[in-house]
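Got chain A; can you put chain B on it based on the hints?
So the protein lines, in turn, are chains A and B. In this text, residue positions in the first sequence follow numbering that gives the first Met the number 0: the first is 0, and each later residue adds one. In this text, residue positions in the second sequence follow numbering that gives the first Met the number 0: the first is 0, and each later residue adds one.
Careful, some of the hints might be misleading.
[Claimed, not checked] SDA-like, lysine to any residue: derived pairs with alpha carbons at most 25 Å apart: (1) K454(B) x D24(A); (2) K454(B) x H26(A); (3) K337(B) x L128(A); (4) K292(B) x T475(B); (5) K337(B) x P139(A); (6) K454(B) x L420(B); (7) K337(B) x D24(A).
[Claimed, not checked] What the simulated footprint calls covered on chain B by chain A, stretch by stretch (three residues with Cβ under 8 Å from a Cβ of chain A suffice, anywhere in the stretch; the number is not a length): (8) 169-183; (9) 237-243; (10) 256-267; (11) 336-343; (12) 419-428.
No lab work stands behind these hints: they were computed from the structure. Glycine included, C-beta positions come from ideal geometry on N, C-alpha and C.
So you can see what is in the structure, the chains are spelled out below.
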Amino acid sequence: MSGGAAALAGAAAYALTLPFPELADGHPGPALFPRLVAGLMVLFGLVLAWQGARGEPAEAAEGGAATERAGVLNALLVVAAVVGYILVVERAGFVPTLGVLLFALMWRLGVRLGAAVGLAAGLAVGTYLLFARVLLVPLPRGPIPF
Amino acid sequence: MIDHLGAALLALAQPDVLLVILLSAVFGLFLGAIPGLTATMGAALLVPFAFFMEPLPALASIVTMSAMAIFAGDIPAALVRMPGTPSSAAYTEDSYRLAQKGQLGLVLGVDVASSVIGGLMGAVVLIVAAPRLAEFALNFASFEYFWLAVLGLSCAVLISPGSAVKGLIALLVGLLLSTVGIDVAQGYPRFTFGVIDLLSGISFIPAMIGLFGVSEVLRNVMAPGRMPPAARVPSRIFEGVWPVVARYRWNVLRSGAIGTFIGVLPGAGADIAAWLAYAVAKKRSKEGAEFGKGHIEPIVDAGTANNSSLAGDWVPALVFGIPGDSITAVVIGVLYMKGLRPGPMIFEQQPALVYSVYATFILANLLLIPLGYLAIRASGHILRVPRNVLMPAILAFCIVGAYAINNSLFDVGIMLATGVLGYVMERYGFPVAPVVLGLVLGPIVEQNFMTSAIKTHWDLTAFFGRPIGNALAAVTIGLWLLPLLSTLRARRRARRAPDGPVPSR
Chain A
0 MSGGAAALAG
10 AAAYALTLPF
20 PELADGHPGP
30 ALFPRLVAGL
40 MVLFGLVLAW
50 QGARGEPAEA
60 AEGGAATERA
70 GVLNALLVVA
80 AVVGYILVVE
90 RAGFVPTLGV
100 LLFALMWRLG
110 VRLGAAVGLA
120 AGLAVGTYLL
130 FARVLLVPLP
140 RGPIPF
Chain B
0 MIDHLGAALL
10 ALAQPDVLLV
20 ILLSAVFGLF
30 LGAIPGLTAT
40 MGAALLVPFA
50 FFMEPLPALA
60 SIVTMSAMAI
70 FAGDIPAALV
80 RMPGTPSSAA
90 YTEDSYRLAQ
100 KGQLGLVLGV
110 DVASSVIGGL
120 MGAVVLIVAA
130 PRLAEFALNF
140 ASFEYFWLAV
150 LGLSCAVLIS
160 PGSAVKGLIA
170 LLVGLLLSTV
180 GIDVAQGYPR
190 FTFGVIDLLS
200 GISFIPAMIG
210 LFGVSEVLRN
220 VMAPGRMPPA
230 ARVPSRIFEG
240 VWPVVARYRW
250 NVLRSGAIGT
260 FIGVLPGAGA
270 DIAAWLAYAV
280 AKKRSKEGAE
290 FGKGHIEPIV
300 DAGTANNSSL
310 AGDWVPALVF
320 GIPGDSITAV
330 VIGVLYMKGL
340 RPGPMIFEQQ
350 PALVYSVYAT
360 FILANLLLIP
370 LGYLAIRASG
380 HILRVPRNVL
390 MPAILAFCIV
400 GAYAINNSLF
410 DVGIMLATGV
420 LGYVMERYGF
430 PVAPVVLGLV
440 LGPIVEQNFM
450 TSAIKTHWDL
460 TAFFGRPIGN
470 ALAAVTIGLW
480 LLPLLSTLRA
490 RRRARRAPDG
500 PVPSR
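Chain A on its own, in the form it takes in the complex (with noise of 0.2 Å):
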């Protein structure tokens, strides 16, 4: 399935680079790195599919089959998490936004509740004391100054 996906990616670049121009004396120009590439995935991931096909060991998954759904909703809070803090770090502001972050990843990995208040907020203060005032990196301030 790996080695399917593979290739499907790679065709799906090959076709993006069709538009690409060629140089002013009809050599290939910025087609022709991405289409070799591209073209080679898709050899490859073809190979891979075909070894998959035969029963050889390179396509055995590491992770396993069986994740279980727990894990999954933690994973996808942590992406869901990191898009938040995207969107809404510019508009509330450093600190309120990675503390929440930071507290709603660790209740849900089971931290109590006290606790998970406390380290979030020290965390988010923490981070904030480092970056914003040690190595003075303009960190995304919000209607409050951090």
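Frame of chain A; chain B shown alone:
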């Protein structure tokens, strides 16, 4: 040279530099001792700090952190049978079984000793070989750089553990990602989909933080397991270590040489060095059959090799700007960030900085003795840090780190996307390190190919017209033919002995 090294040691003796070294050492020991957190991830997390430091402490922090982390990976291997970093995986079984037999103190002591000796051996090779190679590399033109980068790509695939096809596909993913943005030949925007932030390409550091940091966070929260209880660390750690090292002195030398050589090869790092040294030791030892059942010899061998490869990795990174492993891929990013261009000229333009890197390797490896001892004593506590607190904290550092490079939230998005990509790839058995090498080497290959081709009016025979270039081309093409030849030989052998016993693997 001695004068330069002395001056470099003096430069390192500044209180602020020493403080950075000490803090990065503690950071490295902590990261290495926690299974799942790697030295590469540490290097990526150090980048935002490096951004605000002078070049010397910035590079010193990465050198120190990596030396400490690769050693510290041995501690949980012996205590709880989980390698702290992939570089300790080769001898985890031996370490743990010996520990169970009551020899934990000896195992950890040998871990420290072999790491220090290996690290110092690698440093000596770096100090001696890098400047000479740099003089040689001054003659390189775009043709040689093209072949060198292709050689690096080929090594990365051939030596990557597991399926070679999967390693190759991972590399192609990295190469494809490296083509995003304005192209070198014509300034045409490729794969940008009208997004202005993508015109300058996929930022390397956020991608790296995503591939190594966020993917690890995702993997950990997907399967939140509890750490098994750690064995008690005995108070006497270094007792009996010296006789073991003296007995296996030739192993130490051989594995130090193997590790350094693997390090110098572009794209191959400490984990491959450890596996290779282990395999060679097993083949050469009279007691090879006992390896994996609790033997000290493979611990000496692989423990020396992984630390010696670290300095070796810096050779191609400094001399050619081609990363020796994924840690030095970050180093190259940091050098560019500081306005320094890795390559042969860095030895003439920045001799003080280069010598400081050498001196840091020596200092970090010597510091490993007292700090390694303290880390072993503290290891029980380090291993008790709850993951459900650690993972959100690491994610927070990843977010801030990815943002701090360009002050761009778009880069945080790149970090997330590459993190998910890295997680999915690892789940299906694709290694992630080749993606990073593809990202770094892709532009070097394309730029040097295009420059050479346009320079020679597309006369591709010019790629085979210079002696050094020819030698590099021959080695590269030889490497490509290697798997083909070994398959053919295996088939011939199988045909000759159709009813023979199945060879054990």
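Coverage of the segment 237-243 of chain B by chain A, judged on three or more residues with CB within 8 Å: n = 0 at 8 Å, threshold three: violated.
Pair hint outcome, K337(B) versus D24(A) [Cα-Cα no greater than 25 Å]: violated, 38 Å
Given hint T475(B) paired with K292(B) - CA-CA distance at most 25 Å: Outside the cut-off at roughly 38 Å; violated.
Stated coverage of the segment 336-343 of chain B by chain A [criterion: 3+ residues, CB within 8 Å]: violated (count 0)
Verdict on chain A covering the segment 419-428 of chain B, criterion of 3 CB contacts below 8 Å: Since 6 is at least three, the answer is holds.
Satisfaction of hint between H26(A) and K454(B), Cα-Cα up to 25 Å: holds, 13 Å
Pairwise hint evaluation, D24(A) against K454(B), where the allowed Cα distance is 25 Å at most: Holds, at about 13 Å.
Holds or violated: K337(B) to L128(A), with C-alpha atoms at most 25 Å apart: holds, 24 Å
Proposed proximity, P139(A) with K337(B) (alpha carbon, max 25 Å): holds, 23 Å
Given coverage of the segment 256-267 of chain B by chain A, tested with a Cβ cutoff of 8 Å and a minimum of 3 residues: Per the Cβ count (0), the hint is violated.
Proximity test - 8 Å, beta-carbon atoms, the segment 169-183 of chain B to chain A, at least three hits: holds (count 6)
25 Å limit on alpha-carbon distance, applied to hinted pair K454(B) and L420(B): Outside the cut-off at roughly 37 Å; violated.
Hint compliance for this structure: hints 4, 6, 7, 9, 10 and 11 are not met, and every other hint is.
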